[in-house]
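Novice: Below are the chains, spelled out letter by letter.
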Amino acid sequence: MKLHEYQAKGIFADAGIPVPDSRLASSVDEVMDAVEDIGYPAAIKAQVHVGGRGKAGGIKIATSDEEAREAAEDILGMDLKGYTVEEVLVEAGVDFENELYVGITMDRGEGEPVAMVSTQGGVDIEEVAAETPEAIAREHIDPAFGLHPYQARKVVYEAGIERDVAGDVASIVSTLYDLYEERDAADIEINPVMVTADREVVAADAVMNIDEDALFRQPELAEMEDEAAEDDLEAKANDYGFDYVRLSGNVGIIGNGAGLVMTTLDLVDHYGGSPANFLDIGGGAKAERVTNALDMVFSDENVDAVVFNIFGGITRGDEVAKGINEALEQFDEIPKQVVVRLAGTNAEEGMEILNTDLVQVESTLEDAVQRAVANAKEVNQ
Amino acid sequence: MSVFVDDDTRVVVQGITGGEGKFHTEQMLDYGTNVVAGAVPGKGGQEVAGVPVYDTVTEAAREEDADASVVFVPPAFAGDAIFEALDSPLDLVVAITEGIPTQDMAKVNKRLSEVDTRLLGPNCPGIITPGESKLGILPGNIFESGDVGLVSRSGTLTYQVVSNLTERGIGQTTAIGIGGDPIIGTSFVDALEAFEADKDTEAVVMCGEIGGEDEEQAARYIAENMDTPVAGFIAGRTAPPGKRMGHAGAIVSGSGTGTAESKIDALNDAGVPVGDTPNEVADYIEDYL
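Order-wise, the sequence lines are chains A and B. Numbered according to my numbering, the first sequence spans residues 1 to 381. Numbered according to my numbering, the second sequence spans residues 1001 to 1289.
The set of hints was computed from the structure by calculation and includes no laboratory data. There could be a bad hint or two in this list.
Cβ pair distances, simulated, as ranges [what the hints assert, rightly or not]:
(1) E134(A) / E1026(B): 39 to 49 angstroms
(2) G1042(B) / A144(A): 19 to 29 angstroms
(3) P1240(B) / D187(A): 15 to 25 angstroms
Cross-link-like lysine-lysine pairs, in silico, DSSO-like; alpha carbons within 30 angstroms at most [as the list claims (entries may be wrong)]:
(4) K1243(B) / K55(A)
(5) K1107(B) / K154(A)
(6) K1110(B) / K154(A)
(7) K286(A) / K1043(B)
(8) K1243(B) / K60(A)
(9) K1043(B) / K1022(B)
Cβ-to-Cβ under 7 angstroms is the rule here; a few derived chain B residues that face chain A [stated by the list, open to error]:
(10) R1062
(11) T1102
(12) G1155
(13) Y1159
(14) A1223
(15) A1235
(16) T1238
Beta carbons are placed, not taken as given, at the ideal position from N, Cα and C, and that holds for glycine.
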């Protein structure tokens, strides 16, 4: 789960990391009130979950009331890579000499967190990592012991941070690690940390992604989840508790188990179709869950045909079949052709109760996918 | 022959009094697994499906001479449950639980490096040596005893590929689920090493997916160390970058690592054919035998 910049900055500021003075605003009037408090220059920054906001026109610097009003009018309500901007952060501009990078993430290969520091801040750090990996100093952290202060100093000196600010940057690294651990972050990052002419360090941006599996013990962060940041169908999937990803194609896909659902998507592509979504109903699904899954794909107007692929382990074929029947019997006319393939636990019982007047049935994965792809093509003819 | 489990394996079920724990204990017993004890704090002295329950894993292991455990404990307590199993000590711990916080698993992973216990998972379907023993939630009826080893990051994909093999009369030595999380115990390389050393395993299927670099590491291991032929499958060719595809570990990074393409290329370079469909994987295995 991603936090907005203003949310992450609030957490950073509470932990003692210096951040610029700022206000959140959701209307032009609120932006004007904020600049009156903060003064010029002020940065007006879209609060949406997309990278590269600046390049996309989501960040503007204002030096006068006229510019602030214009920026507020431009940014509020704009569409930024598919997301509508509803809030902006109005922030005191920082006059800086250098831009640094500081981040903590999980190195999954090592199974350990890693702290990263670089003097190449303010740019796309993934590009720096790919082109000049030596420009980023790294220090792995034993998760049982946490980050020792000497490690924070070590990574800062190795990165070549200037001596007069090295202590302050090391302190930011330590604080970030504490937050990473306490708040169950998946990634935590400041890009850039600005170094001012007075040799102060300031967090000019803030990225914090939280491990969704740990939200049960982070209730305060769970409340910050922004439903507006999702597309309507993704929000609906969230309510139903499905793993769901919307894609651009027209074959709706429902299955159980992430690996098998991904495989079904890949096969739709392989046989010349285009997947509309990833939808995993999970293990042990009962009839109601199956009904909800069909409701999901039927509400996607891009979907022309549906393939339902179940290989039961925990999940029972008869429960799935019952759910499919119940879902489809509600319709006078079924909105999209559904192909069903049931295998594994209680698949035979499932096939016996499945109402084949409502669905098409195939016994192999390959046949089911090919039939759904053909159905989708027929709709478009 | 088999790897990691056989009909001598004596199993403790952690979380045996919960719905999943109870149901799958019955399934495991039906399959012939020696489930000898359950372990649930505060439930010592009870019985589930005729199996005695103890308060601690240590006591269960000592009293019933167990050497493996299966973890059906909810995510909030599963990290602690795995620590308890590692401390007991057992030879093998199979963690079925999905959704354990990653930082908890980082701590478990650290502990693993200090003990002699093997961990499978978490977020895995378990392990089965057909006809002998199954630890986990795999549907026993689709497996047949035979000479193909299988290792996979995904449960249902395992079932799919196994059914493609079994339908052609190709049985399995052992099928191992290693789990779909970013930090797991046993890796592809560990499993491949075990299959390479097993004289009865004539060929191996490896099912990977997007995310991480475990498949690339496995490809290097296969090229340098394996004589047993391997066929592969990689799920997630159509996955968009930056989106989590169900499994916590299945996410293609924005910088382009962990893609299906890089994994398929690495495997092909190591001489491992990768099927476009699960059925094609079975074709490759049939050719090997």
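Novice: Quick one: which hint numbers does this structure break? Sort them smallest to largest.
Specialist: Numbers 1, 10, 14 - these are the hints that the structure violates, sorted from lowest upward.
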